Amino acid sequence: MNAAGVVGNNQAPAPEEKQISGGLAGLYERAWLNLRTGNLGPTPIIVGEIAVVIIFGFTATNFFTAVNFVNLITESAGTAMLAFGVVFVLLLGEIDLSIGYVAGIGALIVAELQLPGSSWQVNGLIAMVVAVAVCAVIGGFQGSIVAFIGVPSFVVTLGGFLIWQGVILNKLEQRGTIIIQDRWINYTDAYIFSHLGGWLIAAIVTALYPLSVLYKKIAARETEIAKQNPYTFALRTIGVAVVAFGTVAVSNHGRVIKTALGLPLAGVIVIFFFILLTFLAKWTTFGRHVYAVGGNAEAARRAGINVPRIRVLVFMISGATAGIGGIIFAAQVNSVALTFPPGNLLLNAIASAVIGGVSLFGGRGEVRGALLGALLIGTLQNGLNTLNVSNGWIYIITGLVLLGAVMLDTVAVRLQARSGR
Amino acid sequence: MTDTPLLELRNITKSFGSVEALTGVDFEVRAGEVMALVGDNGAGKSTLIKCVAGIHAADSGDIFFEGAKVDIHGPRDAARLGIEVVYQDLALCDNLDVVQNMFLGREANRFQILNEAAMEHSTSATLKTLAVTTISSVRQPVATLSGGQRQSVAVAKAVHWNSKLVILDEPTAALGVAQTEQVLALVRRLGEQGLGVVIISHNLHDVFETADRITVLRLGRNVGVFDRGTTTQQVIVEAITAGMPTKVAGIPSTGERPA
Chain A
2 MNAAGVVGNN QAPAPEEKQI SGGLAGLYER AWLNLRTGNL GPTPIIVGEI
52 AVVIIFGFTA TNFFTAVNFV NLITESAGTA MLAFGVVFVL LLGEIDLSIG
102 YVAGIGALIV AELQLPGSSW QVNGLIAMVV AVAVCAVIGG FQGSIVAFIG
152 VPSFVVTLGG FLIWQGVILN KLEQRGTIII QDRWINYTDA YIFSHLGGWL
202 IAAIVTALYP LSVLYKKIAA RETEIAKQNP YTFALRTIGV AVVAFGTVAV
252 SNHGRVIKTA LGLPLAGVIV IFFFILLTFL AKWTTFGRHV YAVGGNAEAA
302 RRAGINVPRI RVLVFMISGA TAGIGGIIFA AQVNSVALTF PPGNLLLNAI
352 ASAVIGGVSL FGGRGEVRGA LLGALLIGTL QNGLNTLNVS NGWIYIITGL
402 VLLGAVMLDT VAVRLQARSG R
Chain B
205 MTDTPLLELR NITKSFGSVE ALTGVDFEVR AGEVMALVGD NGAGKSTLIK
255 CVAGIHAADS GDIFFEGAKV DIHGPRDAAR LGIEVVYQDL ALCDNLDVVQ
305 NMFLGREANR FQILNEAAME HSTSATLKTL AVTTISSVRQ PVATLSGGQR
355 QSVAVAKAVH WNSKLVILDE PTAALGVAQT EQVLALVRRL GEQGLGVVII
405 SHNLHDVFET ADRITVLRLG RNVGVFDRGT TTQQVIVEAI TAGMPTKVAG
455 IPSTGERPA
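Protein sequences, first through last, are from chains A and B.
Using this note's numbering, read the first sequence as starting at 2 and increasing by one per residue.
Using this note's numbering, read the second sequence as starting at 205 and increasing by one per residue.
There's no promise every hint is true.
DSS-like, lysine-lysine: derived pairs with alpha carbons at most 27 Å apart [said to hold, decoys possible]:
| id | chain 1 | residue 1 | chain 2 | residue 2 |
| --- | --- | --- | --- | --- |
| 1 | B | LYS254 | B | LYS368 |
| 2 | B | LYS332 | B | LYS273 |
| 3 | A | LYS228 | A | LYS172 |
| 4 | B | LYS254 | A | LYS218 |
| 5 | B | LYS273 | A | LYS228 |
| 6 | B | LYS254 | B | LYS273 |
Since the hints were derived computationally from the structure, they do not count as laboratory data.
Model, not experiment: these values are computed from the prediction.
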């Protein structure tokens, strides 16, 4: 779905595209060419998201409300955080099955460390840093077994799945539920920005995309990566602006009884990590090496890339993002209980990345895929919930969407191969 | 050509378990020379090259580069000396584009942030120097290139790093006639530009098209070194299939030089 490895949003022009004219006519030509050759990018998932929103808008009574919109953001935030880590792991062609319970460990640690009256009570902010660090170490430990001993990641993280589940069981079986009272921790889900704050954040996020493109155009002038149809650029900038300001506008409309709502911090955390991790994947040597190892590990090794180091670091990222996601989930219910992680967290996270066009075989996919995938799954499940559909049907429909997305992607890849791209 | 060989291997021995892949092999290549390395399957050509590239460590023997004894412990050591290897399977990442492959593992960066412009300019320049004109865009993923184009990228990647010695392992094995011609022309240009070139090939036609001298290995031992001008394919075939192991044939320095 995505032409992996191409920096930023510019697609490398294949020879046949050479004749494409600039300007508005070129825009149509390119869109048609991309459709024919299966180079769809994130278009299908965006279309799918819009379709889902329209369908639920007409069928569910409580779906199209500002309050539900804010709920949707906070519900999807945790899954999106986990899915970010999944993208990096999948880019290597590996898998991490432990993230659901590693997220649980992250939640458990913040809950323990904030426990009022205990001798080890620390500030919530410190507790979160410690929790994320521990989760990163857990990821690094599992990654080391994969990288240095050579056990397949499926098996290593399956072991992790059981181990961390066991740890959580041991800790919580007698205690039942640990209530989280620390406001910093609970803020990760429930903090609401003021209306002005929301607008400011929307403005910053909107500015970042054109600035990054302009930077590339100036820093890399006279290269192919600087070439971009100005209309594509304008359309994308407008798209980002509409989404950013639209999100804030709708959030600001929300009102629970008498309390005005606004942009939730959980959404901002997700966007922050989305930008940070996209930068890491596309603009840094580390990101380039991740794509290289996923594309051809042997070539990467011969090129002098320290492949085990990349593997360990990627599993650390996966652990850390799981930890952050876990904290957000715990903050949602202000507690950690035996029912953690909620629902099908692990599978939802992996499905998000896969629906977002990240290949299971490595080397192909982008961080934005996780965000879009998590949003689609979140919207689906939220909409079905507001329709009072049973859990069984929610699983079935999520599964069908996953299948559909993967089939579409497979067909797209075949089209790309046939057209030599 | 100078008298000191660019690369000189002396008495290289390498075993895998009980199998002796190389037994006291000598080898040399001079700057500006295309040296062919030929031999039947299992003669030890690839093993010898991997010892130079730092993939394998030789059990015993010495490696001299530009007259100085060197230790090569890994691909990075070899790269630092200016030795680049183009492997049979090319070692390119299909999902990355030409520029990204060219700089794989050595990306131009400032504080770990990629400098794409510098990399793209320099890639285009290298392809131009080598007169590789068949690649229309350096931002194409390698997956979309033909076999000959891939080989050209792999060779360009090897030359790119101011390398002094380029080793090509079966560069034409998977190519058609026209593409083979392209690649052989490229190999000759490398020699003309003053690089030392080692070309491993099963195809004697290719060898006689490009090489200045030909080293023959058989069952992990030296058989001889032949000048292309004064030998025939017949002689080489005999050496490959039935040559007698020898210590001195063709390498003048062998034996006289104190170890």
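Does the structure keep LYS228 (chain A) and LYS172 (chain A) at a Cα separation of 27 Å or less?
-> Violated, at roughly 56 Å.
Would you check the hint for LYS273 (chain B) and LYS228 (chain A), treating anything up to 27 Å between C-alpha atoms as holding?
-> violated, 49 Å
Are the Cα positions of LYS332 (chain B) and LYS273 (chain B) separated by 27 Å at most?
-> Given pair LYS332 (chain B), LYS273 (chain B) is violated - Cα atoms ~35 Å apart, limit 27 Å.
Within 27 Å, alpha carbon to alpha carbon, are LYS254 (chain B) and LYS218 (chain A)?
-> violated, 42 Å
Are the Cα positions of LYS254 (chain B) and LYS368 (chain B) separated by 27 Å at most?
-> Measuring from Cα to Cα gives roughly 17 Å; hence the hint holds.
Pairwise hint evaluation, LYS273 (chain B) against LYS254 (chain B), where the allowed Cα distance is 27 Å at most = holds, 17 Å
This entry does not satisfy hints 2, 3, 4, 5, going by the numbered hints stated previously.
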